[in-house]
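Those protein sequences? They're chains Y and S, same order as listed.
Residue 1 is where the first sequence starts when you use my numbering, and the numbers rise one by one after that.
Residue 1 is where the second sequence starts when you use my numbering, and the numbers rise one by one after that.
Hints in this document: simulated from the structure, not taken from any laboratory.
A hint or two may mislead.
Calculated from the model, a selection of chain S residues having no Cβ within reach of chain Y, i.e. all distances over 12 Å [said to hold, decoys possible]: (1) A15; (2) A69; (3) D71; (4) E114; (5) Q130; (6) D135; (7) I147; (8) G204; (9) I268; (10) A297.
Listed below are the simulated DSSO-like cross-link pairs for lysine-lysine, each with C-alpha atoms no more than 30 Å apart in a straight line [claimed, not checked]: (11) Y:K111 with S:K111; (12) S:K31 with Y:K111; (13) Y:K252 with S:K111; (14) Y:K31 with Y:K246; (15) Y:K111 with S:K246; (16) S:K31 with Y:K252; (17) S:K111 with S:K246; (18) Y:K111 with Y:K31; (19) Y:K246 with Y:K111; (20) S:K280 with S:K252; (21) S:K111 with S:K280; (22) Y:K111 with Y:K252; (23) S:K52 with Y:K31; (24) Y:K246 with S:K111; (25) Y:K11 with Y:K280.
Computed from a predicted structure; not experimentally measured.
No residue lacks a Cβ here, since even glycine has one placed at the ideal position from N, Cα and C.
Below are the chains, spelled out letter by letter.
2 protein chains.
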Amino acid sequence: MGNISTAINAKQFLAATRLLVDTELDQLIPKETDDPARLHGAIRWSVFAGGKRFRPALVLAVGGTFSAATDQLLRTACAFEMIHTYSLIHDDLPSMDDDDLRRGRPTCHIKFGEATAILAGDALQALAFQTIAADETLSTEIRVRIIAELSRAAGTPSGMVSGQARDLDGESRTVDAAALDQIHLQKTGALICGAARCGATIGGANDDELEAVTGYGRNLGMLFQITDDLLDVTASASAMGKTPGKDARASKATYPAVHGIDATRRQIDAVRQSASGAAKSINRPAELLISIVDLIADRES
Amino acid sequence: MGNISTAINAKQFLAATRLLVDTELDQLIPKETDDPARLHGAIRWSVFAGGKRFRPALVLAVGGTFSAATDQLLRTACAFEMIHTYSLIHDDLPSMDDDDLRRGRPTCHIKFGEATAILAGDALQALAFQTIAADETLSTEIRVRIIAELSRAAGTPSGMVSGQARDLDGESRTVDAAALDQIHLQKTGALICGAARCGATIGGANDDELEAVTGYGRNLGMLFQITDDLLDVTASASAMGKTPGKDARASKATYPAVHGIDATRRQIDAVRQSASGAAKSINRPAELLISIVDLIADRES
Numbered sequence: 001m002g003n004i005s006t007a008i009n010a011k012q013f014l015a016a017t018r019l020l021v022d023t024e025l026d027q028l029i030p031k032e033t034d035d036p037a038r039l040h041g042a043i044r045w046s047v048f049a050g051g052k053r054f055r056p057a058l059v060l061a062v063g064g065t066f067s068a069a070t071d072q073l074l075r076t077a078c079a080f081e082m083i084h085t086y087s088l089i090h091d092d093l094p095s096m097d098d099d100d101l102r103r104g105r106p107t108c109h110i111k112f113g114e115a116t117a118i119l120a121g122d123a124l125q126a127l128a129f130q131t132i133a134a135d136e137t138l139s140t141e142i143r144v145r146i147i148a149e150l151s152r153a154a155g156t157p158s159g160m161v162s163g164q165a166r167d168l169d170g171e172s173r174t175v176d177a178a179a180l181d182q183i184h185l186q187k188t189g190a191l192i193c194g195a196a197r198c199g200a201t202i203g204g205a206n207d208d209e210l211e212a213v214t215g216y217g218r219n220l221g222m223l224f225q226i227t228d229d230l231l232d233v234t235a236s237a238s239a240m241g242k243t244p245g246k247d248a249r250a251s252k253a254t255y256p257a258v259h260g261i262d263a264t265r266r267q268i269d270a271v272r273q274s275a276s277g278a279a280k281s282i283n284r285p286a287e288l289l290i291s292i293v294d295l296i297a298d299r300e301s
Numbered sequence: 001m002g003n004i005s006t007a008i009n010a011k012q013f014l015a016a017t018r019l020l021v022d023t024e025l026d027q028l029i030p031k032e033t034d035d036p037a038r039l040h041g042a043i044r045w046s047v048f049a050g051g052k053r054f055r056p057a058l059v060l061a062v063g064g065t066f067s068a069a070t071d072q073l074l075r076t077a078c079a080f081e082m083i084h085t086y087s088l089i090h091d092d093l094p095s096m097d098d099d100d101l102r103r104g105r106p107t108c109h110i111k112f113g114e115a116t117a118i119l120a121g122d123a124l125q126a127l128a129f130q131t132i133a134a135d136e137t138l139s140t141e142i143r144v145r146i147i148a149e150l151s152r153a154a155g156t157p158s159g160m161v162s163g164q165a166r167d168l169d170g171e172s173r174t175v176d177a178a179a180l181d182q183i184h185l186q187k188t189g190a191l192i193c194g195a196a197r198c199g200a201t202i203g204g205a206n207d208d209e210l211e212a213v214t215g216y217g218r219n220l221g222m223l224f225q226i227t228d229d230l231l232d233v234t235a236s237a238s239a240m241g242k243t244p245g246k247d248a249r250a251s252k253a254t255y256p257a258v259h260g261i262d263a264t265r266r267q268i269d270a271v272r273q274s275a276s277g278a279a280k281s282i283n284r285p286a287e288l289l290i291s292i293v294d295l296i297a298d299r300e301s
């Protein structure tokens, strides 16, 4: 398999990688006919719920920019999606965000019960690390680096789970601009930045290149979360596939709530420029990476 | 650091490894003064709740039997304890076993709330893999093998989470002897057997030796769970530190429920013999490993 990042349009690239990633995920995840069938059914219900596969696409796009073969990127891409999906399953639980619907379908715990949903998330996290450990297209050195990166991005004190914990704490007290940035950088940004960095690592990026990719990933993660906050205020329910305005009702710390809508739009422009600038500084063909920035900045859902 | 498995008495060995493991866990886990403080407090509440550190001791005992240095075993030992602790936190949740007390103290969700308890478990699982990935006392080849082993033992379709899922399914239907063995082998046995195998792997065991260790670990895991089932029926609350009889009221599939108490005692003897026999077949000094079998078989809590 070659690499598919020569297509420079982000929308086409996401569509193409989604097919690849879905096929690979189907191979990696136990069948729902295999015991324990209910658990595997719950995992598949959430993994194959129509996600955009944005984090896997980022592994593939950045890796491809560094000329890595798609075949070497694909399992790592799937591992990021497994971690992302487990986090959605647990986020939706009654004691967390208490969401009944995601992408217009019942959430995992509504469909399979809370206990099975908790276990489905737990199993997906284990499977993510198992997938990378077993990826024989990568040297053991690279596998260890990817696992270190993914576990840091997923955990605490500076990864996704710590971002969630800070977000929870924020519901009961006032969050200032700096605290909000930290929530966003960790809750959403850590995994997005980690996906970019892992693509670069598999592609053999040197330290300077990895630093440029980190700047790209951090800003792209921030852009993703700020646009998400804004869409929650401005978008229609049908465009979002979920109920808008939910963040405000849950007293979530969001950009519009802390900064206002106009300042949020200006911040989106600034972060967009930073992300594109970081992409250009990588000194590799950066059209696709910039196109991804534009796609996120201009998204309507 | 040398290796501490020359002490052949299992009780002394567990006490000695507990000190080592607790000191290392304290280094590996973020401080509760570090943000997000509530999350880290919840993790530490559950990790330092007075556990026996049985799985870490098994990594150290089997590894020591194969002459591995304690220093090379210690992080892997801690990683197994992190996975074990996360599973206890999630098991205790209201939608799972709904336990308010563990070892005489409030469970994590009672003390810190359900959302934080879910996140604490999630973070501990990530930290387990991060710990092994970062263990520079081990070659990258060994680290990848340990991560593969731990993730398989923790996940699905044949690890701890699938055992939990089978156990849940069993609450709503009759469980026969074969299904019960599978629940026990996965729910408790997978992590115990995995701990033994990882110790052997770090100690450089060859395939035949690893197979003998697997037999030891499987039987020891079974012994651990069957004695646990029996204690739930026969032990006093003060000896157990938790409420006996809880399994029966929760319609849990247990050995006494499926086979009766006399047959359970005979099964304990049989599994004990198998575990000791497997230990002797390793062709290394096996006194400590046999002493561990005896300790579990004769335990009163």
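A quick look at each hint next to the structure:
no., hint, result
1, A15, "holds (30 Å)"
2, A69, "holds (20 Å)"
3, D71, "holds (18 Å)"
4, E114, "violated (4 Å)"
5, Q130, "violated (4 Å)"
6, D135, "violated (9 Å)"
7, I147, "violated (4 Å)"
8, G204, "holds (16 Å)"
9, I268, "holds (26 Å)"
10, A297, "holds (29 Å)"
11, Y:K111 with S:K111, "holds (29 Å)"
12, S:K31 with Y:K111, "violated (38 Å)"
13, Y:K252 with S:K111, "holds (23 Å)"
14, Y:K31 with Y:K246, "violated (34 Å)"
15, Y:K111 with S:K246, "holds (28 Å)"
16, S:K31 with Y:K252, "holds (26 Å)"
17, S:K111 with S:K246, "holds (21 Å)"
18, Y:K111 with Y:K31, "holds (18 Å)"
19, Y:K246 with Y:K111, "holds (21 Å)"
20, S:K280 with S:K252, "violated (34 Å)"
21, S:K111 with S:K280, "violated (45 Å)"
22, Y:K111 with Y:K252, "holds (26 Å)"
23, S:K52 with Y:K31, "violated (37 Å)"
24, Y:K246 with S:K111, "holds (28 Å)"
25, Y:K11 with Y:K280, "holds (20 Å)"
In summary, the structure is inconsistent with hints 4, 5, 6, 7, 12, 14, 20, 21, 23 from the numbered list given earlier, while agreeing with the others.
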